[in-house]
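Trainee: This is what each chain is made of:
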Amino acid sequence: MIRFDDVTFTYPGATSPVLKRVDLQIEEGELCLVVGPTGSGKTTLLQLVDGLAPHFTGGLLQGAVTVAGRDTRDNPPRELAEIVGVVTQNPVAGFVTDTVDEELAYGMEQLAVPGAVMRKRVEEVVDLLGLGSLRGRPLIALSAGEQQRVAIGAVLTSHPRVLVLDEPTSALDPPAAEEVLAAITRLVDDIGITVILAEHRLERVAQYADSTIRIGADGSATHGPTRGQLSSSRLAPPVVELGSLMGWDPLPLSVRDARRLAAPLRRRLQAVRTPEVPEPSHDILLRARGIAVKYGHTTALAATDTTLHAGEVVGLMGRNGAGKTSLLWALQGSGRRSGGTVSIQVPAQAIASRRRSAKELSRCDGPVAIDPAALRPDLVRQFIALVPQNPADLLYRETVEAECADSDQLTASVPGTTAAILQELTPGIPPSRHPRDLSEGQCLALVLAIQLAAAPRILLLDEPTRGLDYESKRRLTRLIAAHATSGGCVLLSSHDVEFVAGVADRVIVLASGEAIVDGPAIAVLTASPSFSPQVAKVLHPLPLLTVEAVRRALKGEE
Amino acid sequence: MTQPVPAEIATPRQLHPVAWWVWALGLAVATTRTENPMLTALIVAAVMTVVFLCRDDSPWARAFVGYLVLGVVIIAIRVVFYVLVGVKTGGPTLLAIPRITLPEWTGSLTLLGPVSISGIVAAAASGFQLAALIVCVGAANALANPKRVLRSLPTSLHQLGTAVVIAVTLAPQLVGSWLRVRRARVLRGRRFRGFATVLSTAMPVLQDALDQALALAASMDSRGYARVRPGRSGRAMLPLMLAALLAMALGTYSMLDASIPLPWGVVAIVVAAAAAAAGSIVASRQLQHTRYRPDRWRIQESLVAGAGIVVAVFVSVLDAAGSSVTWLVWTLCSLIALIPAVLVPWHTR
Chain G
0 MIRFDDVTFT YPGATSPVLK RVDLQIEEGE LCLVVGPTGS GKTTLLQLVD
50 GLAPHFTGGL LQGAVTVAGR DTRDNPPREL AEIVGVVTQN PVAGFVTDTV
100 DEELAYGMEQ LAVPGAVMRK RVEEVVDLLG LGSLRGRPLI ALSAGEQQRV
150 AIGAVLTSHP RVLVLDEPTS ALDPPAAEEV LAAITRLVDD IGITVILAEH
200 RLERVAQYAD STIRIGADGS ATHGPTRGQL SSSRLAPPVV ELGSLMGWDP
250 LPLSVRDARR LAAPLRRRLQ AVRTPEVPEP SHDILLRARG IAVKYGHTTA
300 LAATDTTLHA GEVVGLMGRN GAGKTSLLWA LQGSGRRSGG TVSIQVPAQA
350 IASRRRSAKE LSRCDGPVAI DPAALRPDLV RQFIALVPQN PADLLYRETV
400 EAECADSDQL TASVPGTTAA ILQELTPGIP PSRHPRDLSE GQCLALVLAI
450 QLAAAPRILL LDEPTRGLDY ESKRRLTRLI AAHATSGGCV LLSSHDVEFV
500 AGVADRVIVL ASGEAIVDGP AIAVLTASPS FSPQVAKVLH PLPLLTVEAV
550 RRALKGEE
Chain Z
0 MTQPVPAEIA TPRQLHPVAW WVWALGLAVA TTRTENPMLT ALIVAAVMTV
50 VFLCRDDSPW ARAFVGYLVL GVVIIAIRVV FYVLVGVKTG GPTLLAIPRI
100 TLPEWTGSLT LLGPVSISGI VAAAASGFQL AALIVCVGAA NALANPKRVL
150 RSLPTSLHQL GTAVVIAVTL APQLVGSWLR VRRARVLRGR RFRGFATVLS
200 TAMPVLQDAL DQALALAASM DSRGYARVRP GRSGRAMLPL MLAALLAMAL
250 GTYSMLDASI PLPWGVVAIV VAAAAAAAGS IVASRQLQHT RYRPDRWRIQ
300 ESLVAGAGIV VAVFVSVLDA AGSSVTWLVW TLCSLIALIP AVLVPWHTR
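Line by line, the protein sequences are chains G and Z.
In terms of numbering that gives the first Met the number 0, the first sequence opens at residue 0 and continues consecutively.
In terms of numbering that gives the first Met the number 0, the second sequence opens at residue 0 and continues consecutively.
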């Protein structure tokens, strides 16, 4: 169905090709997964399939890409539209119309499908993807998962034979991601569509993939059965890692396979008890009581209490629109807050000289409790830092170097402080690079370095793992742990269950604006299947969340 | 088998947007053709009645109040200008304000002066005429989704229509990313002042807009936008369009120049229109495109559009004949203008 014949692709102005001598063939009805580190050319590979590269992106294509017998060299994307359907990372950016029905029909209108056929196909796709309740609604009013399903539906109406998906679940909470993946696997099973998809969170898709293309950092690519490809890779979901650790054969790809193989392991680890949850430190850094956030008539957050202790990493979970972002912004002080109080501990002298009530404050020596919303923004960030969902919003200079220098100047720190933190987080970012040209991981690292330059003790992170590969996530995990051990605390919102399992001590689950659970990570993450990591599912009911924990438990046993 | 969603319930039947526009523009023509404020007032009342009965709950429908406010503001401005700089003719004086004659270099402009009742009424009436025009256009906008109007464009203008839809959608997106970036800036604790604020926020916002535009273009390209029908060439389109432009320029020139006989100008403009139409047909042949659930033109549409045209023609003919407008005419016009309220189902909220 899709053939790459000795394909080398070089972007204009680049010194080395992003893909080098790629030779592969994807059969009809295959679900093919594309994996590789961030910036390795996954998106380029997908764009080569639908002709966007090089017709839209520019660049030099050597070799030939054929889709259903058509050479993409001679067929621009619009001519391939009836064969290849594309859903991009951010479906909202690709929406052309403004209501669900019109969006579903848009592709067919361009292909001049007769009116009666269009009506029929829209009905079919609505049934297939369960979009009935969304009909006629404005696209911007939908949740992220619904938007993603509409975007898939909108390309399916053109009856493509190949579906290209670029990180279809990256913005979705676990249940919504499952919904989208169920729809995709159903398409493969029911109508034999060929699917090629790129994804960072392999734990979500590996079990469905017939084959996997692995792209190396040097641009080489190998294609083979998923099991073999993942077993020899550093990029592997926890269930595969667990399988390799235990030497299981065949290597399990799904929780079901692993669970069937894990019976002896569960017996062996029977003695593992829930680790004692250490008493939280008495050093309370932030106390929030009854936080409420209202936007007009909608309540984003209703009376939520939170306390953050020194040395603690707290994961904030919940479905899209549960109020996670609202809570983080309200705690930071610059977001909207309709009710409740937030207080952080601030050394008196730090604010004494800059506030009108200086006399009153200087009388006490110890820390003072103060509402961050009452402080000036440049003072707040010395105590509490927030990295928003789109970190690039914080950047405004032309080079990484200039951003670092600006940051040093703003925080009145020794020149080079920010650059040193950045070097520690992610080594090897060229200082002359434009911030917009950084990969997701590098951009996050730069913003983190800038925010950490002011040495705040409270760190708030909003969806920090979006677009990060396993290696970048590991680095972020180390950084967060280091921040906590040095006496700070971290509150991070995330959809990434595996990441939260690896880093958080405590987990808060929000549902429609209320904190429904607040407890030790080990208890919360083993309690419900939709917010539970793979290892916990495999070893249920044992209190183990990560492969690392299993490794430690086995060592302790010996 | 799941229950099929009845399509008519999913999207309630609405009147063809072009019918609304013809109706509203017809009434707008009528208001400009008469100088009788009573007739204008009756037409405006009819327009408002129809809008408040038939509009739905969409943002553009709610914007109608804005047009009404704009109309009132226009009348007020017109009256204020009359009092300030208007030419004061005789008549019963309402306010005896002294006249101020400005120095000669201003062209001996006179400020203020005695305000007469007839002057005020005349000023208000002329302001009202402009306000009525604006209310009519606002009504068309409130009753017909502007995006649906673009959907009814002929195939050759389809690409233009899509571009306009995208531009309309992009504006709120730009505002959204502007607010997001400004909010994020606070986190860095830096307070920009004056021009620096604009520079530091404009860059990411524009980059955002550019990224979004590129993503949208890629998505449209890969979904078949602007596919050219194989074997059709659009080569004839360029000369036709150039001819249309040239003829239009010549026609306009000869219409404005009194020394050139009028028929020449008319002929040139007719030629221009014909060439433009031919070019449009050539362009649409080249494109392959169909419409999902197009708005249908039925008897209701004809009646609504007809009501607007009848009122416009009626008032224009009476105006040209110079006959005095009687109460009978007023009633007739406003009743005809109200026809849509009977034909179109009222929107219940």
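These aren't lab readings, by the way, just hints derived from the structure by calculation.
These numbers were taken from a predicted model, which means no experiment stands behind them.
Treat the hints with care, since some could be wrong.
[What the hints assert, rightly or not] Partial list, computed: chain Z residues near chain G (C-beta under 10 Å):
no., residue
1, T48
2, R222
3, V227
4, Q285
5, L286
[To be verified] Chain G regions said to be covered by chain Z (calculated; three or more residues, Cβ under 8 Å):
no., stretch
6, 69 to 77
7, 108 to 122
8, 195 to 205
9, 387 to 401
10, 445 to 457
11, 462 to 474
Where a beta carbon is used, it is the ideal one built from N, C-alpha and C, also for glycine.
Trainee: Which hint numbers does the structure go against, in order from smallest to largest?
Mentor: 1, 4, 8, 11
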